[in-house]
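Colleague: So the chains spell out like this:
Protein chains: 2
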Amino acid sequence: MMPKVIFITGNENKYREVEFVLSKFNIEVFMENKFRKIELQSDNLEEIAKKSIEYISQILKPSKDAYYVVEDDGLFIEALNGFPGPYSAYVYKTIGLKGILKLMEGIENRTAYFISILGVLCPDGQIRLFKGIVKGVISSEIKGIHGFGYDPIFIPEGYDKTFAEMKLEEKCEISHRARAFQELAKYILSTFKH
Amino acid sequence: MMPKVIFITGNENKYREVEFVLSKFNIEVFMENKFRKIELQSDNLEEIAKKSIEYISQILKPSKDAYYVVEDDGLFIEALNGFPGPYSAYVYKTIGLKGILKLMEGIENRTAYFISILGVLCPDGQIRLFKGIVKGVISSEIKGIHGFGYDPIFIPEGYDKTFAEMKLEEKCEISHRARAFQELAKYILSTFKH
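Same order as they appear, the protein sequences are chains A and B. If you count by the working numbering, then the first sequence holds residues 1 to 194, one letter each, in order. If you count by the working numbering, then the second sequence holds residues 1 to 194, one letter each, in order.
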C-alpha cells in the first residue's frame with residue numbers, strides 16, 4: 001500500500017504544481033473539489049488552514065493510506081503591512097495585478113513573501129500543518145505567461161525574472177507551495193507504515 | 001418587559017452609533033465583547049453575518065427579551081469591483097485610507113456603497129437578517145475628524161462632506177448601519193410581545 005495525497009482544491013494550476021512536486025517522492029496526488037472549503041477571516045494563515053481542515057475532518061473519516069490536504073496561501077508585501085495576505089484571492093479578483101502595482105508606485109521597499117500553509121488530516125486522525133515560504137520582490141511591471149495569480153509580478157530572491165516567466169519545473173524548485181509539499185512528503189515518507 | 005438588543009462587537013464607535021439610533025425607538029442596547037466572532041471568507045456579507053450569528057447561536061440560548069446582533073459591514077467601490085468589500089477591516093489596517101485614494105487616482109467613477117448586514121438571533125430562536133445601505137462617492141482627500149474607519153473618504157449622496165465631517169447625530173440619520181438598525185427596531189416593535 002502506497003501513501004497518497006488527496007488535495008482538496010478547485011484550482012487546477014495548484015494541482016499540477018503539487019503533482020509535479022510529489023512525483024519526485026513517488027507520492028500520488030488526487031484533486032478533490034467536491035468539498036466546500038470553509039475559510040475563516042483571519043490575519044493568520046495557519047489559523048485559516050487549521051480551521052479549514054478541522055471542518056473537513058468533522059465529516060471525513062481518516063483513511064489508512066490517504067493524507068487529506070487543504071492549502072491556504074497568500075502574498076505578503078512588506079511595505080503594505082502584509083497586504084493582500086490572507087485575502088490574496090479576493091484582492092486578485094477585484095483590484096488585480098494592476099492595483100497592486102499602483103499601490104507600489106514610488107515605494108522603494110518592494111520586499112514580499114509568498115507563504116503556503118498546508119492543513120493535513122493524517123491517517124492517524126491527527127491534524128498537522130506544514131509551511132513553505134519564498135522571499136522576493138514585487139516587479140515594476142507585469143511579466144510572463146506561465147503560472148497564475150500573482151506570479152507575473154513576483155520575482156523570487158536570486159532571480160531576475162518573475163514566477164510567470166518560469167516553466168512549472170523551475171518555479172517548483174523554489175516556490176512556497178513546492179516547499180510546503182516537500183515538507184509534507186518528507187513527513188509522509190518518514191512515518192508512513194507499509 | 002422591554003425588548004433589548006445585545007450587540008456583539010468589540011467596536012465602541014459602532015456601539016455608540018447603534019445606541020443613538022435605537023434610543024429613538026426606546027430600545028436599550030448593550031455591548032457584548034466576550035464572544036469571539038467567527039467570520040467566514042466570502043464575497044457575500046449576508047453569508048458572513050448569517051454564519052457568524054449561527055455560530056454564536058450554537059452556544060447561546062435564545063432569550064425572552066433579548067435580540068443578539070452581529071453586524072458585518074463593508075465599503076464597496078464600484079470602479080474597484082467591490083474592493084475592499086467584506087475585507088474592509090483588514091484593508092484599512094494594511095493599506096489604509098491612503099492606499100484606497102492611491103488606487104482611485106485618475107479614476108472618474110468614484111461611486112461607492114457602504115453596506116451593513118445584521119445577523120440577529122431573535123427571542124423565538126430564529127435567525128433573521130437586516131440590511132442597510134448608503135450610496136456615495138469616494139472623496140479625493142482625507143477629510144474630517146469624526147467617526148472611524150473609512151468615514152473620512154466617504155461622501156454620502158446629496159451631501160458635500162464626508163461622514164467624518166458629520167457629528168454622530170447627522171451620520172446616524174443616513175448611514176448604512178443606522179438604516180439596518182432602524183429596520184431591526186421596526187421589526188422588534190412590530191413583533192415583540194410584552
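Quick caveat, the hints were computed from the structure, so don't treat them as lab data. A virtual CB, placed ideally from N, CA and C, is assigned to each residue, including glycine. Hints are supplied without guarantee of correctness; some may be wrong.
[Unchecked claim] Just a few of them, taken from the derived set where beta-carbon distance is under 10 Å, the chain A residues facing chain B:
| hint | residue |
| --- | --- |
| 1 | E28 |
| 2 | M31 |
| 3 | F35 |
| 4 | S42 |
| 5 | E46 |
| 6 | A66 |
| 7 | G85 |
| 8 | Y90 |
| 9 | L97 |
| 10 | K102 |
[As the list claims (entries may be wrong)] Far from chain B by the CB rule (all over 10 Å, computed), these chain A residues:
| hint | residue |
| --- | --- |
| 11 | E39 |
| 12 | L80 |
| 13 | Y87 |
| 14 | L168 |
Colleague: Looking at L168 (chain A) again, its CB stays over 10 Å from all of chain B?
Modeller: L168 (chain A) is indeed farther than 10 Å from all Cβ atoms of chain B, at 27 Å.
Colleague: Is the interface hint satisfied for E28 (chain A)? The criterion is a beta-carbon contact with chain B at less than 10 Å.
Modeller: It is violated, given that the least Cβ distance between E28 (chain A) and chain B is near 30 Å, above 10 Å.
Colleague: Answer holds if the nearest beta-carbon of chain B is closer than 10 Å to that of A66 (chain A); otherwise answer violated.
Modeller: 26 Å, violated
Colleague: Taking 10 Å as the limit, does the beta-carbon of G85 (chain A) come near enough to a beta-carbon in chain B?
Modeller: At 7 Å from the nearest chain B Cβ, G85 (chain A) passes the 10 Å test, so the hint holds.
Colleague: Quick check on the hint: K102 (chain A) CB to chain B CB, less than 10 Å?
Modeller: Since chain B brings a Cβ to about 6 Å from K102 (chain A), closer than 10 Å, the hint holds.
Colleague: Does the no-contact call for L80 (chain A) survive, Cβ to all of chain B over 10 Å?
Modeller: Check fails; 5 Å does not lie beyond 10 Å.
Colleague: Please verify that the nearest CB of chain B lies beyond 10 Å from Y87 (chain A)'s CB.
Modeller: 5 Å, violated
Colleague: Let me know if the C-beta of L97 (chain A) comes in closer than 10 Å to any C-beta of chain B, holds or violated.
Modeller: 13 Å, violated
Colleague: Is the Cβ of E39 (chain A) more than 10 Å away from each Cβ in chain B?
Modeller: With a cut-off of 10 Å, E39 (chain A) comes too close to chain B, as the shortest Cβ separation is near 4 Å.
Colleague: Mind checking the CB of S42 (chain A) against every CB in chain B and telling me if the closest is under 10 Å?
Modeller: This interface hint holds because 8 Å falls under the 10 Å limit.
Colleague: Would you check whether E46 (chain A) satisfies its interface hint, that is, whether its CB is within less than 10 Å of any CB in chain B?
Modeller: Violated: closest Cβ of chain B sits about 15 Å from E46 (chain A), beyond 10 Å.
Colleague: Using 10 Å as the Cβ threshold, decide whether Y90 (chain A) counts as touching chain B.
Modeller: 6 Å, holds
When the structure is compared with the earlier hints, violations turn up for hints 1, 2, 3, 5, 6, 9, 11, 12 and 13 and for no others.
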